[in-house]
Amino acid sequence: MAICKYHMWSPTICEEQAIDSYSGFCILHYPDANKDVELFTETLRSSISKAEKNKKEKDIWIRGVVFPPRFNCLGFEAFGKHVIFVDACFLGEAWFNGVKFANGVGFSSTRFEGPAYFFLEFSNAASSWFITTVFRESVRFKRAVFPGAESKGTVRFESTVFEKPHEVFFESVDLSKTSFYGTNLLGVHFVDVTWPKVIEHPWNWLGVHRSAKLIYDDPRIHSKYEDDTYNTESLQNRYQVAGELYRQLRINMEQSKQEIEAGDFYIAQMDMRQHDPSLYRLLSRVFLPVYRFVALYGESISRPFTLYILLASLLFAPLYLWGGFGMGDIADPPYHRTILQPSAILQDGFWRDYVHAWFLAITAGLPYSPPNDLLSWFLYPLRYINILVNILLVSLIAVALRRQFKR
74 MAICKYHMWS PTICEEQAID SYSGFCILHY PDANKDVELF TETLRSSISK
124 AEKNKKEKDI WIRGVVFPPR FNCLGFEAFG KHVIFVDACF LGEAWFNGVK
174 FANGVGFSST RFEGPAYFFL EFSNAASSWF ITTVFRESVR FKRAVFPGAE
224 SKGTVRFEST VFEKPHEVFF ESVDLSKTSF YGTNLLGVHF VDVTWPKVIE
274 HPWNWLGVHR SAKLIYDDPR IHSKYEDDTY NTESLQNRYQ VAGELYRQLR
324 INMEQSKQEI EAGDFYIAQM DMRQHDPSLY RLLSRVFLPV YRFVALYGES
374 ISRPFTLYIL LASLLFAPLY LWGGFGMGDI ADPPYHRTIL QPSAILQDGF
424 WRDYVHAWFL AITAGLPYSP PNDLLSWFLY PLRYINILVN ILLVSLIAVA
474 LRRQFKR
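74 is the number of the first residue of the sequence shown in the numbering used here; add one for each residue after it.
Certain hints may be false.
With a cut-off of at most 25 Å between alpha-carbon atoms, the simulated DMTMM-like pairs for lysine to aspartate or glutamate come out as follows [to be verified]:
id, residue 1, residue 2
1, Lys-126, Asp-160
2, Lys-126, Glu-166
3, Lys-237, Glu-210
4, Lys-479, Glu-210
5, Lys-126, Asp-105
Everything labelled a hint here was simulated from the structure, so no lab data went into it.
With the hints as extra help, turn the sequences into a complete structure.
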């Protein structure tokens with residue numbers, strides 16, 4: 074009895090009977106869309122059953138199997154072992170409806186020639202992957218059960234190719250433990266998905282915090298789930314890969330009018346640039362961190378506005394009072410060099426002159442600023458600093474407003 078001539082990693086890895094009319098291939102490996110679907114399904118089920126019972130093998134290998142167009146995965150609801158599709162090909166629609174891979178599933182160098190629908194349950198305890206997998210038509214992951222943030226399992230789309238990304242949908246799924254390393258996501262739709270999150274407390278003294286959406290490939294959160302150690306070059310590469318993924322996701326979210334997600338991914342994209350070795354050290358180590366703190370890279374209106382008010386109220390206005398100034402008909406300020414004394418605030422006219430000093434500080438650099446007469450020499454460089462700071466903060470507010478309205 075002749076056996077199938079298909080081979081991949083060893084001279085013969087398929088023990089199924091060859092069919093004469095199939096050019097020496099078995100029903101599973103014969104690359105023809107018109108082969109007998111019933112015989113194919115029966116043979117595949119028998120092959121999987123043998124693999125399930127084989128105690129020597131931990132995995133179920135489905136190597137080089139060519140699935141006919143009319144094949145349906147219904148009836149293959151549960152697998153007790155890790156299932157690995159290698160060099161497989163789905164010639165028509167691929168339906169994974171209600172299938173449960175309790176110990177994970179892998180698609181390596183697998184081709185989906187037709188639409189693929191995944192309404193399945195991935196393992197929460199083991200890894201699943203799509204490595205160098207090619208999807209030539211539409212793909213839909215809708216209400217599929219992905220590993221959550223507290224799960225040990227992961228799902229990896231590594232170097233996966235979506236040839237029609239605008240027809241790829243991830244809907245109502247949890248992507249907390251899903252990697253897209255090396256996969257082009259431009260045009261892919263993400264609808265009502267759960268992303269990894271981190272709670273930031275950048276300004277604890279204001280009681281402000283921000284819940285930011287990230288991706289699993291972000292090196293800053295990756296260590297929470299795995300104990301991998303990276304050398305410097307590998308870590309820098311991970312920052313660059315994550316930055317590119319954030320850029321693609323930001324564009325996708327802007328096109329789909331998901332403003333909050335677009336803002337989060339833009340901030341994360343800029344965070345990754347801080348670790349880009351191609352940038353000047355001054356830019357990556359000084360300018361970008363300051364830009365992030367002050368304005369979240371132009372995403373925050375409240376941060377520069379808060380700094381604008383606080384600096385005018387607590388820094389520039391008290392210094393104007395301390396140094397002495399005249400504004401309009403106020404030519405004799407009574408608090409020259411006494412503002413730091415506790416008794417100063419009890420003197421007559423303090424709050425009146427403080428309001429004038431505050432107005433002088435808040436309008437510095439703006440089109441309208443009242444005429445003034447500074448009475449101390451150090452107030453002149455302070456005035457120029459005040460003008461530069463106000464112009465910078467007002468510009469950052471304008472940038473943030475523009476980004477908001479543009480979206």
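| field | Violating hint indices (sorted, rising) | value | Hint check: 2, 4 and 5 fail, others pass.
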